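> Residues per chain, in single letters:
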Amino acid sequence: MKVIWDSQNQEPLYTLDETALHAVVRRRNQEFQRCAACRYAAEIGIGLACGVLMFVCAGVFAFGDAAWLATLPWPKVAVSHWDAVALFTAAGIWFYFAAYMRGARRRQSSRGEEFAPTMRGDIDRALAQVGFQIRVAEGILWRGFVPVWVAAALWVAVVFRLTDAPAWTYVFMASTMAGALVTTVSGQQRRISERYQPHQRELESLRRKLLDPQP
Amino acid sequence: MEKPEQKRVFDEWLARHKGLLFKVVRAHAFTPHDQDDLFQEMVTQVWNSIPQFRAESAVTTWLYRVALNSSLAWSRKERKHRNRTQALDGSETALVELSHTQSPRLAWLYEEIARLDFIDRSLALLLLDGFSYRDMAETLGISESNVGVKIHRIKAHLTNQAKEIQPHGL
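Residue numbers (my numbering), protein chains in the order written: chain A, 1 to 215; chain B, 1001 to 1170.
Hints may contain errors.
Where chain A lies over chain B, by a calculated footprint (3+ residues, C-beta under 8 Å) [what the hints assert, rightly or not]:
id, segment
1, 1017-1025
2, 1033-1046
3, 1064-1072
4, 1113-1127
5, 1134-1146
No more than 30 Å apart at the CA atoms, straight line, and that leaves these computed lysine-lysine pairs for DSS-like [to be verified]:
id, chain 1, residue 1, chain 2, residue 2
6, A, Lys209, B, Lys1155
7, A, Lys209, B, Lys1163
8, B, Lys1003, B, Lys1077
Bear in mind the hints are in silico, worked out from the structure with no lab data behind them.
All figures in this text were calculated on a predicted structure; none of them were measured in a lab.
Every residue, glycine too, gets a C-beta built ideally from N, C-alpha and C.
Go ahead and model the full structure; you've got the sequences and the hints to work with.
Here you go:
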């Protein structure tokens, strides 16, 4: 078998287009870096943008001139300090969400630096990373989705109150947002059970196989 | 590490050891498109691994480990996306197969290796390329005695398969 195997050293199975190869390496690295950076940047950016928007609105409501606020076309009822409090709370939640995602990104980047440079080390690293992804995906429900949902609900409630929206729109919006939350949560649960956990099981099985000395 | 130095090392490793990468590709991917895709994945990981290389092991041991891990990641990704994606755009095909050089006996051997599970397949490649038990243990991160047990099983399996297939003249 060794003779058969070594025969390919004399007659190579493939040849290389080196220019194309260098282009491929550059392209793949750029794609990977871009995708990872974009995903986190989008989540952090959304958190910051919403936070700033709500903070500015809250600031205007809290410290703006009452006479000037009365001249604005869309508030149909007087702005109260509770509107400002609600928006400051919502802004805080969005800033917290951005910080949470930034922290998750940093923790994920540093994950797995301590593993040995072996295949077992790589499998352990992959297991640590997928375990981290599962924990983030499970934690993001209470630490990410629900707070953001509360922030969005506060924003919507303030806007509806100031525009003097009829009662049924509150009910409609509340049920729509509840539906959105349920859909997001079930999607996240599906991602955990159909994507992360099978990947984790596969890695664990590989690890067991690697360490199994029994015939 | 500076980019020009990284590129120099990359070119040198590829010039000297591309045969090793070809073998791993051939054992894990079975169509020209998949082979090209896996090879691209592999060289990308080789490029990324260069700054981490500390010369504590031989270059070939390091490259085998990078190649096997790339294959593992690629196999997982490929299984997941197989039914959902089309072939790559084909604008950059780095790997060109020389099919006329394929001997039937070598094809048979690759076929048998491909039937093994991932860990045994990795060990079979390392074994056939003459790596010591110590190198295999170092690459895979398991004990030498564990390697020995697994190698014994793989040898027995391949020998049995060879006996069953007489026309290959093994």
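> With reference to the structure, classify each hint as holding or not holding.
The hints, checked one at a time:
A stretch counts as covered by a chain when three or more of its residues have a beta carbon under 8 Å from one of that chain; for the segment 1017-1025 of chain B and chain A the count is 5, and the coverage holds. Chain A is given as covering the segment 1033-1046 of chain B, and this holds because 6 residues of the stretch bring a CB closer than 8 Å to a CB of that chain, at least three being needed. Counting residues of the segment 1064-1072 of chain B whose CB lies closer than 8 Å to any CB of chain A gives 4, which reaches the minimum of 3, so the coverage claim holds. Look at the segment 1113-1127 of chain B against chain A: 4 of its residues bring a Cβ nearer than 8 Å to a Cβ of that chain, three or more, so the hint holds.
Proximity of the segment 1134-1146 of chain B to chain A, defined as three or more residues with a beta carbon under 8 Å from a beta carbon of that chain, is established by the 8 residues found. For the given pair, Lys209(A) sits about 17 Å from Lys1155(B) by alpha-carbon distance, which is consistent with the 30 Å threshold. At most 30 Å may separate the alpha-carbon atoms for a hinted pair to count; Lys209(A) and Lys1163(B) meet this at roughly 27 Å. With a C-alpha separation of about 29 Å, the suggested pair Lys1003(B) and Lys1077(B) falls inside the 30 Å cut-off, and the hint holds.
Hint compliance for this structure: no hint is broken.
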